[in-house]
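In order, the protein sequences belong to chains A and B. Okay, so the first sequence: first residue is 1 according to UniProt numbering, each after it adds one. Okay, so the second sequence: first residue is 1 according to UniProt numbering, each after it adds one.
Check the hints yourself; a few may be wrong.
Said to hold, decoys possible - Label pairs and their computed distance ranges (CB to CB):
1. Ser200/B <-> Met143/A: 22 to 28 Å
2. Glu65/B <-> Leu119/A: 52 to 58 Å
3. Gln226/B <-> Thr67/A: 22 to 28 Å
4. Leu77/A <-> Gly310/B: 52 to 58 Å
5. Asn439/B <-> Leu127/A: 55 to 61 Å
6. Met143/A <-> Val428/B: 35 to 41 Å
7. Asp365/B <-> Gly163/A: 26 to 32 Å
8. Glu253/B <-> Val97/A: 33 to 39 Å
As the list claims (entries may be wrong) - Some but not every residue of chain A turned toward chain B, in silico, with C-beta under 8 Å:
9. Ile147
10. Gly149
11. Ala176
Stated by the list, open to error - Covered by chain B, according to a simulated footprint, are these stretches of chain A (three or more residues, beta-carbon under 8 Å):
12. 225-235
13. 251-264
14. 268-277
In case anyone wonders, no lab produced these hints; they're calculated from the structure. Predicted model only: the values in this text are computed from it and were never measured. Where is the CB? At the ideal position from N, CA and C, for every residue including glycine.
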Amino acid sequence: MALRDSLQNVQRGARPPAGRRRWWSRSDSKGWLFIGPFLVVFALTFLAPIAYAGYLSLFREQAFFGTKEFVGLDNYLEVFTDEKFWDGALRVLLFLVVQVPIMLGLALAAALAIDSARLYASNFFRLVIFLPYAVPGVVAVLMWGFIYGTNFGLAADLNQLFGTSIAPLSQGWMLASIANIVTWEFVGYNMLIFYSALRTVPGEVYEAAAIDGAGTFRTVLSIKIPALRGAIVIATIFSIIGTFQLFNEPNILRTLEPNVITTYYTPNLYAYNLSFGGQQYNYSATVAIVMGLLTAVIAYVIQLRGSREAMK
Amino acid sequence: MLITSGRRGRRLALAAAALTAASLLAGCGSSEGGGGASEGSAEDLDAALEKGGTITYWTWTPSAEAQVAAFEDQYPNVDVKLVNAGTGNDHYTKLQNAIKAGTGGPDVAQVEYQALPQFALPGNLVDLRQYGFDEYADDYTASTWASVHAGDGLFGLPQDSGPMALFYNQQVFDKHGLEVPATWDEYVDAAEKLKAADPSACITNDSGDAGFTTSMIWQAGGTPFQTDGDQVTIDLQDEGAQRWTGVWNKLVEGELACNIPGWTEEWFKALGDGTIATIPLGAWAPGVFEQSVPDGAGKWRVAPMPTYDGEPATAENGGSTQSVLKQSKNPALAAAFVRWLNHEEGVEPFLASGGFPATVADLEDPAFVDKKSEYFGGQQVNQVLTDAANNVVEGWQYLPYQLYANSIYGDTVGKSYQTHSDLNDGLVSWQDALVEYGNQQGFSVD
Numbered sequence: 001m002a003l004r005d006s007l008q009n010v011q012r013g014a015r016p017p018a019g020r021r022r023w024w025s026r027s028d029s030k031g032w033l034f035i036g037p038f039l040v041v042f043a044l045t046f047l048a049p050i051a052y053a054g055y056l057s058l059f060r061e062q063a064f065f066g067t068k069e070f071v072g073l074d075n076y077l078e079v080f081t082d083e084k085f086w087d088g089a090l091r092v093l094l095f096l097v098v099q100v101p102i103m104l105g106l107a108l109a110a111a112l113a114i115d116s117a118r119l120y121a122s123n124f125f126r127l128v129i130f131l132p133y134a135v136p137g138v139v140a141v142l143m144w145g146f147i148y149g150t151n152f153g154l155a156a157d158l159n160q161l162f163g164t165s166i167a168p169l170s171q172g173w174m175l176a177s178i179a180n181i182v183t184w185e186f187v188g189y190n191m192l193i194f195y196s197a198l199r200t201v202p203g204e205v206y207e208a209a210a211i212d213g214a215g216t217f218r219t220v221l222s223i224k225i226p227a228l229r230g231a232i233v234i235a236t237i238f239s240i241i242g243t244f245q246l247f248n249e250p251n252i253l254r255t256l257e258p259n260v261i262t263t264y265y266t267p268n269l270y271a272y273n274l275s276f277g278g279q280q281y282n283y284s285a286t287v288a289i290v291m292g293l294l295t296a297v298i299a300y301v302i303q304l305r306g307s308r309e310a311m312k
Numbered sequence: 001m002l003i004t005s006g007r008r009g010r011r012l013a014l015a016a017a018a019l020t021a022a023s024l025l026a027g028c029g030s031s032e033g034g035g036g037a038s039e040g041s042a043e044d045l046d047a048a049l050e051k052g053g054t055i056t057y058w059t060w061t062p063s064a065e066a067q068v069a070a071f072e073d074q075y076p077n078v079d080v081k082l083v084n085a086g087t088g089n090d091h092y093t094k095l096q097n098a099i100k101a102g103t104g105g106p107d108v109a110q111v112e113y114q115a116l117p118q119f120a121l122p123g124n125l126v127d128l129r130q131y132g133f134d135e136y137a138d139d140y141t142a143s144t145w146a147s148v149h150a151g152d153g154l155f156g157l158p159q160d161s162g163p164m165a166l167f168y169n170q171q172v173f174d175k176h177g178l179e180v181p182a183t184w185d186e187y188v189d190a191a192e193k194l195k196a197a198d199p200s201a202c203i204t205n206d207s208g209d210a211g212f213t214t215s216m217i218w219q220a221g222g223t224p225f226q227t228d229g230d231q232v233t234i235d236l237q238d239e240g241a242q243r244w245t246g247v248w249n250k251l252v253e254g255e256l257a258c259n260i261p262g263w264t265e266e267w268f269k270a271l272g273d274g275t276i277a278t279i280p281l282g283a284w285a286p287g288v289f290e291q292s293v294p295d296g297a298g299k300w301r302v303a304p305m306p307t308y309d310g311e312p313a314t315a316e317n318g319g320s321t322q323s324v325l326k327q328s329k330n331p332a333l334a335a336a337f338v339r340w341l342n343h344e345e346g347v348e349p350f351l352a353s354g355g356f357p358a359t360v361a362d363l364e365d366p367a368f369v370d371k372k373s374e375y376f377g378g379q380q381v382n383q384v385l386t387d388a389a390n391n392v393v394e395g396w397q398y399l400p401y402q403l404y405a406n407s408i409y410g411d412t413v414g415k416s417y418q419t420h421s422d423l424n425d426g427l428v429s430w431q432d433a434l435v436e437y438g439n440q441q442g443f444s445v446d
């Protein structure tokens with residue numbers, strides 16, 4: 001009995017006085033102080049606009065007469081039957097399926113080549129391949145616009161030289177031409193992601209492989225590519241997001257070919273023109289949200305697949 | 001000043017807009033700004049000028065700086081904040097956003113005639129009749145005076161006008177023995193003759209431009225858009241429209257017109273090197289030629305627009321007014337500034353910078369009319385252009401949502417240009433899209 005009492009006293013004395021124990025003294029509460037400034041900015045600039053777009057998407061407002069009515073999910077139903085939206089969405093999907101593998105393949109090849117230590121002046125190549133990424137997107141597209149021009153551009157000169165009549169900005173070629181610009185811009189960026197992942201492979205692994213008699217291609221297949229898996233998943237997700245947000249390139253080329261690039265050429269362009277061309281803010285917000293959800297779903301599937309493969 | 005000018009400069013701004021598109025998307029909402037205009041009178045304007053204050057003025061007119069400086073000299077109590085919010089669509093996007101937000105807009109804004117109904121009809125602009133501006137009717141050309149009205153209201157004073165004329169390259173005409181066409185049939189003949197003589201040249205460029213199309217339908221006597229309150233009629237297959245496509249189809253289907261979009265580097269180059277032989281443009285064009293097509297100096301001349309029956313007839317292409325926003329906290333001062341700009345001393349600096357006036361007195365001033373233009377080989381271009389100002393076909397109206405209409409032109413009529421097929425098909429699908437949009441926005445459209 002006495003022992004228990006004294007034990008309790010000892011325990012009490014060891015504890016801080018019960019009355020002074022507050023929420024902020026819990027072990028995890030200090031973290032909030034550190035994360036607080038970020039959370040405030042994050043909420044204001046990220047969550048609030050999304051919430052507001054979500055709110056907007058539930059209404060239908062007439063720009064000229066100022067009437068505003070709550071329409072529930074009507075705007076969403078409209079998006080799913082909107083030919084223009086699907087025209088743009090399918091176009092970026094096609095772009096995704098064709099352009100992203102080509103771009104990542106090229107980036108991978110470049111990263112492996114530079115990492116192979118067999119390339120002469122590899123630093124130079126690394127810089128040159130990366131350089132297009134450093135050119136501001138708008139400037140890059142303007143430049144390509146000149147190259148593609150069939151009246152005075154490089155395309156015109158080449159056509160004259162070879163007697164061909166290739167028109168990179170015509171209906172049939174436009175998407176490929178945009179894909180070419182995007183590839184040119186982003187191969188270097190993705191190469192850098194791959195290259196830095198390759199640099200993290202410890203040298204001992206290569207030494208061990210060499211002792212085991214693995215050749216260059218064997219090393220690439222069995223060591224380098226598996227080591228790159230995480231980086232490939234990340235680069236793929238970035239590329240998917242980038243593709244679905246395709247805007248700058250078509251928007252600037254639109255000034256050159258307004259008849260080929262419609263106002264709904266890509267979903268992002270469509271949302272932009274709905275809101276700033278037609279003042280259909282509510283519907284535009286709906287398109288943006290649907291496209292955001294689509295992107296998130298596809299990116300998530302890729303990520304799941306990627307990490308599941310890594311588990312194997 | 002003109003519909004599509006400055007596409008070059010607009011690209012960067014477009015890209016900037018692209019970056020902020022998402023945030024802006026979310027950033028515009030809330031209800032319309034209140035603040036009805038106070039009743040006022042002509043005396044209030046003089047009092048406001050005396051009392052002074054600060055107003056903001058959004059414009060892309062090149063002469064604005066000189067005008068504001070002269071105004072502030074004359075009225076030292078008034079401070080005018082001059083803002084170039086972009087050219088054309090960029091400017092309207094910002095203006096529309098400010099109106100939607102209910103704050104942040106200018107007191108006075110430049111508005112093109114084609115955009116005026118879009119801002120005036122929803123009640124965003126001040127009706128200037130309350131300051132007695134309706135007395136100035138006779139001081140302006142009939143077509144521009146009609147253009148600053150929407151419904152019954154008067155929503156600005158005309159700054160300039162753009163009666164169309166045919167600009168042609170004399171050098172190309174001489175080389176191939178072409179005659180200046182007086183009718184559109186002769187124009188098509190000249191187009192064919194030129195194409196046969198030089199396949200790389202073309203009579204004109206047209207890759208589809210809504211402002212050009214509407215002006216051409218206007219010249220052909222069409223009235224495809226009629227608005228009465230919320231009742232809108234759209235008929236892009238009326239007599240005038242078909243008259244125009246009857247001629248223009250020959251150029252589009254026969255690939256006689258170059259596919260060079262206006263206001264691009266390519267276009268300026270093609271105007272300078274003889275690739276484009278003629279171009280129908282508004283009377284503001286000489287300034288553009290002199291500034292942006294230096295290689296064309298001495299080669300270009302001006303003739304009246306070709307017509308369908310040989311009788312003189314033309315249309316307006318471009319042109320702007322200055323309007324007072326309802327949002328303005330000092331509408332009397334803003335209106336006084338507009339009066340000064342486009343009715344009083346402000347006209348002079350505007351003319352000095354090469355603008356084409358809307359004021360009758362200046363259009364009849366011999367010093368203006370008989371001026372010889374060095375660029376145009378000594379031709380008295382203003383004689384042709386002021387003549388055109390008197391021959392504008394009456395009765396034209398723009399849609400209350402013309403800016404939207406222009407923005408989707410490439411989606412619809414553009415297809416006809418791209419496939420070199422019947423423009424009427426394109427016009428019909430344009431019409432369908434416009435009817436649908438109008439009805440969605442609460443108009444009753446048929």
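Could you tell me which of the hints above the structure violates, numbers in ascending order?
Hints 7, 9, 11 and 12 contradicted; others consistent.
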